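Novice: Produce the complete structure using the sequences and hints provided.
Going down the list, the sequences are from chains A and B. Using the numbering used here, read the first sequence as starting at 1 and increasing by one per residue. Using the numbering used here, read the second sequence as starting at 1 and increasing by one per residue.
Keep in mind that the hints are not guaranteed to be accurate.
DSS-like, lysine-lysine: derived pairs with alpha carbons at most 25 Å apart [as the list claims (entries may be wrong)]: (1) A:LYS5 - A:LYS204; (2) B:LYS84 - B:LYS271; (3) B:LYS194 - B:LYS2; (4) A:LYS326 - B:LYS194; (5) A:LYS326 - A:LYS236; (6) B:LYS271 - A:LYS326.
None of these hints come from the bench; they were simulated from the model. If you're wondering where the values come from, they're calculated on a predicted model, not measured in any experiment.
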Amino acid sequence: MVILKKNCIAMLLAGGQGSRLYALTAKVAKPGMPFGGKYRIIDFPLSNCANSGIDTVGVLTQYQPLQLNRYVGSGQPWDLDTEDGGVYILPPYQSAGERGSWFSGTANAIYQNIDFIEMYDPDNVLILSGDHIYKMDYAKMLRAHEEAGAACTIAVIQVSMEEATRFGIMNVGENGFIEEFEEKPAHPKSDLASMGIYIFNWKKLRQALIDDENDPNSDKDFGKNIIPKMLADGEKLLPYRFEGYWRDVGTITSLWDANMDMLGNTSLNLFDPQWPIRARSPIRPPHFAGSNAHIEHSIVTEGCVIDGQVDNSVLSANVTVGAGAKISYSVLMPGAVVEPGAVVEYAILGERAVVAAGAHVGQQPDGSEGWGVATVGPDVRVACGAKVPAGAMIYDSEEVQS
Amino acid sequence: MKNVHGIVYAYHSSPALGDLTRNRTNASLPFAGRYRLIDFALSALSNAGVRDVGVIMQRDYQSLLDHVAGGKAWDISRRRGGLKLLPPFGTHHEGDYVGTAEALNAVIRYVRDIPQENIVLYPADVVCNVDLTDVIRQHIVSGCGITAICSDYVPKAVHYRLTRKEDGKAEKVLFRQTDGSQGVLATELYVVRKDTLLELLDRCEAENRFHFHRDCLAAYLEQGGEMDIYMYNGYIRRIDSVADYFESSMDMLKPGPRADLFPEDRPVRTKERSDVSTYYSEQAQVQNSLIADGCYIEGTVKNCIIFRGVRVAPGAVLENCILMQDTVVGAGASLKYIIADKDVSVADYVTLAGGEKLPLVIPKGSKL
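Specialist: The structure is reproduced here in structure tokens:
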């Protein structure tokens, strides 16, 4: 087998649990979470890679990888199934004479796959995370990185000063390079937040990973350890400004918000034929709207059968909405079923969740402190006539007997 | 199904489909919002594990080539075997193929080289989702040279029927039938033993005969050949005219035919396009319609089949229409009983109506 030298390969960190999504990520890693009707979160970085001409992607998995492995498959939906590139699922593994260990941090995950990266002898390595919704031309970022001769280029986005306390903040010097990096500063000096997208010169990153691995006090994390260390060593770290739609979908509220964004005119134009976001399709017929259907300001996907009222909602593939059922301001993941007469409002229904006839999930915002989006986990059945209050998180059918 | 090969007839363009097949054959006619007719044949074969498939084509096959490509969508892109596209090999078959026997003889070298013992013959313009695994099992158990897939459905158009002997096997072929008084409908889907097929085709070639039913099947039965019958009573239609096309399309709004054609365990595969989900605006009204991904609906849609990437502007009203992919309907336009082919553009406030019996076909790419 001939492996051609690559200018840049991508490593996608997809091992995180996404613990703040609770029941939704109990059985699937966050990058495998359905999003925006047609997609899963990982479709965004994978499509960005394909559209940017990066044809070799390592997907590092650890937490609940089975659904994700199956979804990514050979990478064919993203045209990544090429002879000299491809998409590779990389779980932790054991070497002769070693016990092997779990990935103990983002940097350690890459450290454990140094041999994989070396197979391609790349000049640069792009590090991505699988929990953001955005469209980005990594090729442009790579060009900026190479032209500046940087050791590392970090994609940054402008956030408000209030938000800046939640991010890794870059302070940029007059020469245009990063002077200081502060993780979640209480008093931010700048509003440029790291997006968790890095391009490293591979030789420098390789050495930094080895050094970091040997440091017993390190958390083996890019943001906490690798970047500050490189900065301290006087390496050139370039900020790459990104303008456009970028959302973290790590919490129930942010996942719901970002889904609602798909209904409006955001700068994330999914209809753009020049930058298609590709997804593995469920192979189902077009959706059917019945004679009692009323659908407004919503998106609906293949395989759905809708005979009720739907407004301000995002329906993934194969969702069923019975006659007289009402769906408002909700996100329904693939295969969710809402039986006749049931009401779902301000809610997220996990994959194959069932809301039985007459049940009621979620409620409109009432201005109270405790209000939140109600969430029904995958495969949960909300029994006939049962009520799921605002802000609830349902893991198990037994919690929602009538 | 290692021992079965598929041959799909995709060369035919029905004159009665008019503008719909002006630049394509029946096989690549768009159907049910996101498919081409040939998807049903290729998916049925693929779902039965038949991975070696020859597709006979003759002319106007650009759209077919574009759609089928290497066969990846149906998992028939294989290192060994897999999909083979079969334009005419010889030179002595001039003009359009008169019958399927002629079409098979035109690619006879391919047929001779088929390594499998059994061959499924499948016209690409038949819409159904029969479980070929079950048909093939019955064919092999019966030991017959030929198994015909038959149905109780009685088409209005002229068709072939088979009468049955007491043991249920075929007795004789009835030609030019228009009612269901005798026998059962021959759907023109067959499973044949390769050796039986070659004998029948050799005789046709020697005697300069072209018709599979008249010259192969009838002769086979007359000479005492055994033909088994497999009854399939799920939804099955042949698309041969604009009226057939419109009727079958509208059947997709009924739960029964939809369930027959799209069972979860035998998915119908097609070329993917990476469309987004369909968006409905605040003003949208949609009822009793089948709507594919990638559409942007701001108007009223009733009793319609809407293909991928269609845009319907605010105030537009569509009733009993079929809009093929990427068609755009302007604000306030009104369309009834219209079949708009791909990439049609209807300007604001245009009013157009076809008849219930004879819908109006708007050719591909037209600007109105």
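Novice: Given the hinted pair LYS194 of chain B and LYS2 of chain B, is their alpha-carbon gap at most 25 Å?
Specialist: Holds: LYS194 of chain B and LYS2 of chain B sit about 14 Å apart, inside 25 Å.
Novice: Given the hinted pair LYS84 of chain B and LYS271 of chain B, is their Cα-Cα distance within 25 Å?
Specialist: holds, 17 Å
Novice: Take the C-alpha atoms of LYS271 of chain B and LYS326 of chain A, compute the straight-line distance between them, and say whether it is at most 25 Å.
Specialist: violated, 34 Å
Novice: Need the status of pair LYS326 of chain A, LYS194 of chain B: alpha-carbon distance at most 25 Å?
Specialist: violated, 57 Å
Novice: Decide if the proposed pair is consistent with the structure: LYS326 of chain A and LYS236 of chain A, CA atoms, cutoff 25 Å inclusive.
Specialist: violated, 56 Å
Novice: Check whether the Cα positions of LYS5 of chain A and LYS204 of chain A lie no farther apart than 25 Å.
Specialist: It holds: about 18 Å lies between the C-alpha atoms, which stays within 25 Å.
The structure does not agree with the numbered hints 4, 5, 6 stated previously, though it agrees with the rest.
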